[in-house]
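**Q** Use the sequences and the hints to build the structure in full.
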Amino acid sequence: MDRHIRTQLDTWVEALWQERMTRREVVQRGAALGVATSLLADIVGLFTRQVAAEPGPSPQVLEGIKKEGNKLFVYNWEDYVHPNTIPQFEKEFGVKVTYDTVPSNEQLLAKIQAGGAVYDVIFPTHNFVPIYIAQGLLAPLHHEQLPNLQNVLAKFRDTPFDPGNKYTVPYGWGMTALAHNTTYTQDDPRIGSWALLFEGGPQRYSGKLGFTDEREEVMAAALQYLGYSANSHSKDELRQAGELLLRVKPHIKAFYPGAEAKKALITEDIVVALSWSGETVKAHAQNPAVVWSLPKEGGTGWFDGMAIPKAAPHKFTAAVFINYMLRPDVAAANTNTTGYATANRVAIEQYVDPQVANNPAIYPPADALARVTFLETIPDDLLPFYEDIWTRVLGI
Amino acid sequence: MQTLRRHLLGFLHRHPGWAVALLLGPAVLWWLVLTLLPMGIMAYYSVLTRGPWGTITHTLTLDNYRQVVDPVFLHILGRSLRLALLTTVLCLLGGSLLAYWIAFAVRRHNHLYLLLDIVPFWTSDLVRLYAWITLLADHGVINNALMTLGVLHAPLPLLHNAGAVLVGLVYTYLPFMVLPLYASLERLDRAVLEAAADLGATPAERWYKVTLPLTKGGMLSGSVLVFVPSVGEFLVPELLGGAKTMLVGKFIALKFTGLRHWPLGAAYALVLVTLIVLLLLVYLRLGGSTEAFQAQAP
Chain A
1 MDRHIRTQLD TWVEALWQER MTRREVVQRG AALGVATSLL ADIVGLFTRQ VAAEPGPSPQ
61 VLEGIKKEGN KLFVYNWEDY VHPNTIPQFE KEFGVKVTYD TVPSNEQLLA KIQAGGAVYD
121 VIFPTHNFVP IYIAQGLLAP LHHEQLPNLQ NVLAKFRDTP FDPGNKYTVP YGWGMTALAH
181 NTTYTQDDPR IGSWALLFEG GPQRYSGKLG FTDEREEVMA AALQYLGYSA NSHSKDELRQ
241 AGELLLRVKP HIKAFYPGAE AKKALITEDI VVALSWSGET VKAHAQNPAV VWSLPKEGGT
301 GWFDGMAIPK AAPHKFTAAV FINYMLRPDV AAANTNTTGY ATANRVAIEQ YVDPQVANNP
361 AIYPPADALA RVTFLETIPD DLLPFYEDIW TRVLGI
Chain G
1001 MQTLRRHLLG FLHRHPGWAV ALLLGPAVLW WLVLTLLPMG IMAYYSVLTR GPWGTITHTL
1061 TLDNYRQVVD PVFLHILGRS LRLALLTTVL CLLGGSLLAY WIAFAVRRHN HLYLLLDIVP
1121 FWTSDLVRLY AWITLLADHG VINNALMTLG VLHAPLPLLH NAGAVLVGLV YTYLPFMVLP
1181 LYASLERLDR AVLEAAADLG ATPAERWYKV TLPLTKGGML SGSVLVFVPS VGEFLVPELL
1241 GGAKTMLVGK FIALKFTGLR HWPLGAAYAL VLVTLIVLLL LVYLRLGGST EAFQAQAP
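Just so you know, the sequences run in chain order A and G. When you line the first sequence up against the numbering used here, it's residues 1 to 396, in that order. When you line the second sequence up against the numbering used here, it's residues 1001 to 1298, in that order.
Derived from the structure by calculation, the hints contain no laboratory data. All values derive from a computational prediction rather than experimental measurement. Glycine is no exception: its CB is placed at the ideal position from the N, C-alpha and C atoms. You may find that some hints are simply not true.
[Claimed, not checked] With a Cα cut of at most 30 Å, we get these calculated DSBU-like pairs of lysine-lysine:
1) G/Lys1244 x A/Lys249
2) A/Lys111 x G/Lys1244
3) A/Lys91 x A/Lys71
4) A/Lys96 x A/Lys315
5) A/Lys235 x G/Lys1244
6) A/Lys67 x A/Lys315
7) A/Lys91 x A/Lys66
8) A/Lys71 x A/Lys310
9) A/Lys96 x A/Lys71
[Unchecked claim] According to the in silico footprint, chain G covers these stretches of chain A (three or more CB under 8 Å from chain G):
10) 95–107
11) 126–139
12) 246–257
13) 264–278
14) 372–385
**A** Pasting the structure below:
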């Protein structure tokens, strides 16, 4: 692999992606961006095909893929791969990939549980993995098909959520904390604390607050502001968190599904938000006033796994795809554009753009990482109580 | 070919039961497969039990229906019904203007105008709702235009509130109102209107005493087509709505996804369907007939 050319290309792509735009341009270019992205992928594809020096897939692998009909159905999060990742896989392995994006973990689980939607590779978040396993929804992985698993950081392997990586392998990880627009928040003493959202919101940013609609992350932020653990299972503490959210709610613009909050941050429809780290990084690239802040009370962390549903029709091709995603050059390209950290050790050491590796919103320094709590699975017997609070928060 | 046709017609003539079956068959099959069967499956799910982690146990119970009376549900249901009613009224007003215009003012190529009414359906509603986001955002097309013209100094909050949801609903369902309205106006015998005019009726009287009673069916039919899907709408409030505009569709979806309690979600859905059917029955009783369902698109 000619790393030099690849790195240059990435820098060039990055430069195009991060081109600064004024507010008005953002709106005007919103529609054009989609077209531009796919065009860009084609152009990059042309280059990478010429410089590709990977040994290429073995005849056995190609045979196995052919047996399954050269097809693959991937269900991933929005903006979670480099624009060229899928086209490159299609070219290298001769597979037609159908790629859909998932709006939330709950909906992903519901779809897989219903069985009607047949996907080959899904990307569930760590705290949902035990539920898939308990329901028997995932196919066990054959590690001999995944030699690149050795590239993954030890920290993300063999976790309590999937001991021994029997069903999932780590893909990317990120954090959920504050994003704020410095044009509006400058000299606010609450910067650096959840108070910016829960106190500043009602006082200074009324109607300009945005939240992700991932239930656990919103509840965790409220719990941390109140001084409790993000993983609190105490009914009393959860009730207080719900009341706090209801008090702040009149000032909240919306609970945004998926990556929608990013767009509102860029256009300044919202100026303080509970946001995913990678979305904040991408928002910052388009509107430099939007910055990331991990509050002193802590934030939440998560990592997404790659898994093959039990009902997947193309299991072998799925394993080939997962192994491809674990390749350091692919993992690094994904991290460099998505703003989410890769769990791939070799990628970080050799391929990731230093600008990305040094970005505290992507790779937080040790003292910041210590404040990040990885969310646990909500116990099933607590779920009705938890969901009741959440429905009130959303519905009233 | 000719003989075959004659034999078939002869057979049907001698066995009228078969003729009826052939004529009704497709419609009944449609109704069974696409309406009754899914509702039956949902009814069955609604009496099952939730197992650990959201699995489904095939133990019959009525527990789910006992849980349905939830003050939050009633609150959201009230909001959904109010918004759907408002949507229906606005669609009736806007749709009437459009339908009257196409039926009476447009002299030629009426069907071309009707086609324009349906054209939006050729694009995914997701894409069309994103277009509304671009229009209504704080720094979207409308606010930017007004600020450039100096009409506004700060952007109006147009997106992510009840108003945006209403705009989205009216926009999405207006075509469903126009079609039946136009159909009933088209069939209105112009001679009757002329007769009324000859007998000295003013335009207002003609409308109130002739046009309105004769086209009531189209109005009722259009209202039903707009009201029913508006109550359960999921996508519009999800994309254009804000923190205070959750509708009953999302509430039910949360039972399936957030709580992972499919039987309870199914029970809520059936309660909603039953409630809407009851409302429709009352509405039709007030409207005087089931004529509403007879008006068809041309």
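**Q** Check whether the Cα positions of lysine 71 of chain A and lysine 310 of chain A lie no farther apart than 30 Å.
**A** Holds. Lysine 71 of chain A to lysine 310 of chain A sits at ~17 Å (cutoff 30 Å).
**Q** Is the straight-line distance between the alpha-carbon of lysine 96 of chain A and that of lysine 315 of chain A 30 Å or less?
**A** Roughly 14 Å separates the two Cα atoms, so the pair holds.
**Q** Given the hinted pair lysine 1244 of chain G and lysine 249 of chain A, is their Cα-Cα distance within 30 Å?
**A** holds (8 Å)
**Q** Is the Cα-Cα distance between lysine 111 of chain A and lysine 1244 of chain G 30 Å or less?
**A** Status holds; Cα separation ~27 Å.
**Q** Given that the segment 264–278 of chain A was listed as covered by chain G, double-check it with a C-beta distance under 8 Å for 3 or more residues.
**A** holds (count 4)
**Q** Could you grab the alpha-carbon distance between lysine 91 of chain A and lysine 66 of chain A and see if it respects the 30 Å cut-off?
**A** holds (14 Å)
**Q** Examine the segment 372–385 of chain A for residues whose CB is less than 8 Å from any CB of chain G, and state whether their number is three or more.
**A** As far as the segment 372–385 of chain A goes, the hint holds, because 3 residues have Cβ atoms under 8 Å from chain G.
**Q** Taking 30 Å as the top limit, are the C-alpha atoms of lysine 96 of chain A and lysine 71 of chain A close enough?
**A** holds (5 Å)
**Q** At least three residues with a C-beta closer than 8 Å to a C-beta of chain G: is that true for the segment 246–257 of chain A?
**A** holds (count 7)
**Q** Between lysine 235 of chain A and lysine 1244 of chain G, does the CA-CA distance stay at or below 30 Å?
**A** Given that 30 Å is the threshold and the Cα spacing comes to 25 Å, the pair holds.
**Q** Verify this for me: three or more residues of the segment 126–139 of chain A with a beta carbon less than 8 Å from a beta carbon of chain G.
**A** Our answer is that it holds, as 3 residues pass the Cβ test (under 8 Å) against chain G, meeting three.
**Q** Is the hinted pair lysine 67 of chain A and lysine 315 of chain A satisfied, with a Cα-Cα distance of at most 30 Å?
**A** holds (11 Å)
Violation of the numbered hints given earlier is absent; every hint is satisfied by the structure.
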